[in-house]
Amino acid sequence: MMQTVPIALENCAKTFADGTRALEAVNLEIAAGETVVLLGPSGCGKTTTLRLIAGLEQPDAGGRVRFGADDVTALPIEKRNVGMVFQSYALFPNMTVAENIAYGLRLRRQSAAEQRARVGEMLALMRIERLAERSIDQLSGGQRQRVALARALAVQPRVLLLDEPLTALDAKLRDTLRFEIDSLLRELGITAIYVTHDQAEAMALGDRIVVMDHGRIAQVGAPREIYQQPASRYVAEFIGTMNRLSGHADGEVFRCAGGYVAWPALPAGAQEILFRPEDTRIAADGEAATLHGTVGAAFFCGNHVRLFVEVGEAQPLVLETPARREYRHGEPVALAIETHGLMVL
Amino acid sequence: MKHGKLLLSLQFAFTLAVCAFLVVPVVMSILAGLTVNYFVGLQSGLTLRWVFEVWDAYRDTLFLSLGLALACLALTLLLGVPLAYLLARSRGRLARAIEELLMLPVAVPGLATALGLIVAYGGFAGFRTSAAFILVGHVLFTLPFMVRSVLAVLSVIDLPTLEEGAASLGAGFWQRFRDIVLPNCRNGILAGALMVVTLSVGEFNMTWLLHTPFTKTLPVGLADAYASLRLEIGSAYTLIFFLLITPLLLTLQVLARPRRQSFAAPDNTIENAS
Numbered sequence: 001m002m003q004t005v006p007i008a009l010e011n012c013a014k015t016f017a018d019g020t021r022a023l024e025a026v027n028l029e030i031a032a033g034e035t036v037v038l039l040g041p042s043g044c045g046k047t048t049t050l051r052l053i054a055g056l057e058q059p060d061a062g063g064r065v066r067f068g069a070d071d072v073t074a075l076p077i078e079k080r081n082v083g084m085v086f087q088s089y090a091l092f093p094n095m096t097v098a099e100n101i102a103y104g105l106r107l108r109r110q111s112a113a114e115q116r117a118r119v120g121e122m123l124a125l126m127r128i129e130r131l132a133e134r135s136i137d138q139l140s141g142g143q144r145q146r147v148a149l150a151r152a153l154a155v156q157p158r159v160l161l162l163d164e165p166l167t168a169l170d171a172k173l174r175d176t177l178r179f180e181i182d183s184l185l186r187e188l189g190i191t192a193i194y195v196t197h198d199q200a201e202a203m204a205l206g207d208r209i210v211v212m213d214h215g216r217i218a219q220v221g222a223p224r225e226i227y228q229q230p231a232s233r234y235v236a237e238f239i240g241t242m243n244r245l246s247g248h249a250d251g252e253v254f255r256c257a258g259g260y261v262a263w264p265a266l267p268a269g270a271q272e273i274l275f276r277p278e279d280t281r282i283a284a285d286g287e288a289a290t291l292h293g294t295v296g297a298a299f300f301c302g303n304h305v306r307l308f309v310e311v312g313e314a315q316p317l318v319l320e321t322p323a324r325r326e327y328r329h330g331e332p333v334a335l336a337i338e339t340h341g342l343m344v345l
Numbered sequence: 001m002k003h004g005k006l007l008l009s010l011q012f013a014f015t016l017a018v019c020a021f022l023v024v025p026v027v028m029s030i031l032a033g034l035t036v037n038y039f040v041g042l043q044s045g046l047t048l049r050w051v052f053e054v055w056d057a058y059r060d061t062l063f064l065s066l067g068l069a070l071a072c073l074a075l076t077l078l079l080g081v082p083l084a085y086l087l088a089r090s091r092g093r094l095a096r097a098i099e100e101l102l103m104l105p106v107a108v109p110g111l112a113t114a115l116g117l118i119v120a121y122g123g124f125a126g127f128r129t130s131a132a133f134i135l136v137g138h139v140l141f142t143l144p145f146m147v148r149s150v151l152a153v154l155s156v157i158d159l160p161t162l163e164e165g166a167a168s169l170g171a172g173f174w175q176r177f178r179d180i181v182l183p184n185c186r187n188g189i190l191a192g193a194l195m196v197v198t199l200s201v202g203e204f205n206m207t208w209l210l211h212t213p214f215t216k217t218l219p220v221g222l223a224d225a226y227a228s229l230r231l232e233i234g235s236a237y238t239l240i241f242f243l244l245i246t247p248l249l250l251t252l253q254v255l256a257r258p259r260r261q262s263f264a265a266p267d268n269t270i271e272n273a274s
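Quick mapping for you: the protein sequence lines, in order, are chains A and B.
Residues 1 to 345 in the working numbering are what the first sequence spells out, letter by letter.
Residues 1 to 274 in the working numbering are what the second sequence spells out, letter by letter.
I should point out that these hints are in silico values taken from the structure, not numbers from a laboratory.
Just so we're clear, the structure is a prediction, and the values are computed from it rather than from any experiment.
Where hints are given, some of them may not hold.
[Said to hold, decoys possible] Listed next, the stretches of chain B that the computed footprint assigns to chain A, with coverage defined by at least 3 CB atoms under 8 Å from CB atoms of chain A:
#1 112-119
#2 164-178
[As the list claims (entries may be wrong)] Between beta-carbon pairs, the in silico distance windows are:
#3 Gly68(A) x Ala107(B): 53 to 61 Å
#4 Arg108(A) x Val23(B): 52 to 60 Å
#5 Thr294(A) x Arg93(B): 54 to 62 Å
#6 Ser90(B) x Ala112(A): 37 to 45 Å
#7 Arg108(A) x Phe127(B): 45 to 53 Å
#8 Ala112(A) x Val24(B): 57 to 65 Å
#9 Thr20(A) x Ala107(B): 33 to 41 Å
#10 Cys19(B) x Ser111(A): 56 to 64 Å
#11 Arg93(B) x Ser88(A): 21 to 29 Å
#12 Ala107(B) x Arg64(A): 28 to 36 Å
#13 Ala152(B) x Arg108(A): 52 to 60 Å
#14 Arg216(A) x Arg186(B): 43 to 51 Å
By construction, the Cβ of each residue, glycine as well, lies at the ideal position given by its N, Cα and C atoms.
Based on the provided sequences and hints, a complete structural model is requested.
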């Protein structure tokens, strides 16, 4: 059984030696057994946050990192008992797969028999038994990924840290491994912190997502919450696709270039309303539509058509509609928007 | 077709001619060391007499050269490997400058380096007359070769990440250095060792100034023999040099051969595993 712990970052800022401010003072609590995904574009501070938790970086004065009741701020990574999976996997080319997995156990002075048993267990867990005696340069990307996970888990770490572990793989394999990592984390019940720039990966894996922007936490929440109630335009636009109409509020009606949208809860003075593609649809025949535009582009995706509709805004509206009928460029369309999906940020 | 064949034959002939140009002097020299009288020619008969004479007169230079080469190797390992590691870990301008400066003793004529050493340290009689004086010169001259070849290997692998990986598993600095850094620059170290030993054994122009009558190395003895004794003795000396250096080089060459690499399986084999 993994001895898993909650993690707390208190006032953790990071300024590098050259004066670059990578992270503003961040506070974050992660429950034991929880999977938290740090999400954001490159340079947002997500990797720095992970490295602070790992012990590969020290926070600026005043910052504290706690594993359960232990203050580990002053401990280097080798004393924190974490498992870490790197983007480039960092497998040792001078050792076989089995030796890589056993390395952490060897450092803990486990007996040869204990090491063998644990390595066997890990190989079985990751279903790579037949790779045990291979050298690292004989492995494919996906196999390296599994070895890296097995090696990190073999030492029964208090927390598992994953730094963009799927980025180096192709799309199809990424899907398979994402599913496997998800089941693995749930099965082990270990506290896991996962860094990615891929919002689909974040939504699939995270119990909670921490969206980061320019060294700050933009929002923390469950994937559904982040998607449906984004705290800012930055979060709204980083997660999924967001449609936007600009214009002005006129009582309970929002007027824009393409017509108007009726919304009883419309805040007075709103100059912009936002909504998701799935809350946007082509109006049914005979429905009294209030928003009109023309088809800018239509991408046939098999089960649906992704439509880009020009409504006189800087960006066309995006929606997905059943592929039963064909849409031609320039064709006039009437749109309806689900009121419950409207938001102002 | 005919034209192509002719061209090929010409290329082959040219290659043979170049090989002969290089190999003939070696064979001549070896034969000269084994003939009774070089000026009479091979019909005077073959003998090992000259080889034994050289062995009796110059055996010490041979052992001194070997000893110097090994000591030089030990020092360049102790200094060069950590230095290469430090240079590989630091990306600063200072590190690059040190890397360039290290090549100076190779670029500057050996005579100049030797003179510099004599001017600076020639006054310390005990040091000046010992073999250690030559050793210092050899280390100066060979260190860049060790540093460069280790650095070349280290800059190909992502050393910082490998070390972080080891640290995450609980390895402290020395454990990482022993288990990760050293094994992964093994080929660079061996290639460097090969260079250091060969250069040290064969080094003449710096050693010629640094040596004393009691600290003659093999190449210095060789020059001595050619200058003052029969051609046959000088040639027999060269033969001994060959016998010494060839097995040494072959051994190091075999050790330094890169580990066999095979191609990674494509990623779809993973599906079979699951």
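*With 45 to 53 Å as the target window, see if Arg108(A) and Phe127(B) comply at their CB atoms.*
holds (49 Å)
*Cβ-Cβ distance between Ala152(B) and Arg108(A): within 52 to 60 Å?*
violated (34 Å)
*Taking a Cβ-Cβ distance under 8 Å as contact, does the stretch 112-119 of chain B have three or more residues in contact with chain A?*
With 0 residues in contact (Cβ-Cβ under 8 Å with chain A), the coverage given for the stretch 112-119 of chain B is violated.
*Regarding Arg108(A) and Val23(B), is the given constraint of 52 to 60 Å on their beta-carbon distance met?*
holds (58 Å)
*Do the beta carbons of Thr20(A) and Ala107(B) sit within 33 to 41 Å of each other?*
Distance hint for Thr20(A), Ala107(B) holds at roughly 38 Å.
_Please check whether Arg93(B) and Ser88(A) have a Cβ separation lying inside 21 to 29 Å._
With a Cβ separation near 26 Å, Arg93(B) and Ser88(A) satisfy 21 to 29 Å, so the hint holds.
_Given the hint of 53 to 61 Å, is the C-beta distance from Gly68(A) to Ala107(B) inside that range or not?_
Holds: the Cβ-Cβ distance is about 59 Å, inside 53 to 61 Å.
_Within 37 to 45 Å: is that where the Cβ-Cβ distance between Ser90(B) and Ala112(A) falls?_
38 Å Cβ-Cβ, so the 37 to 45 Å window holds.
*Assessment of proposed distance window 54 to 62 Å (beta carbons of Thr294(A), Arg93(B))*: holds (58 Å)
*Falls inside 43 to 51 Å, the C-beta gap from Arg216(A) to Arg186(B)?*
holds (46 Å)
_Range hint 57 to 65 Å (beta carbons of Ala112(A) and Val24(B)) holds or violated_ = With a Cβ separation near 59 Å, Ala112(A) and Val24(B) satisfy 57 to 65 Å, so the hint holds.
*Is the hinted range of 28 to 36 Å satisfied by the C-beta distance from Ala107(B) to Arg64(A)?*
For Arg64(A) against Ala107(B), whose Cβ atoms are near 53 Å apart, the range 28 to 36 Å is violated.
Violated hints for the displayed structure, listed by number in ascending order: 1, 12, 13.
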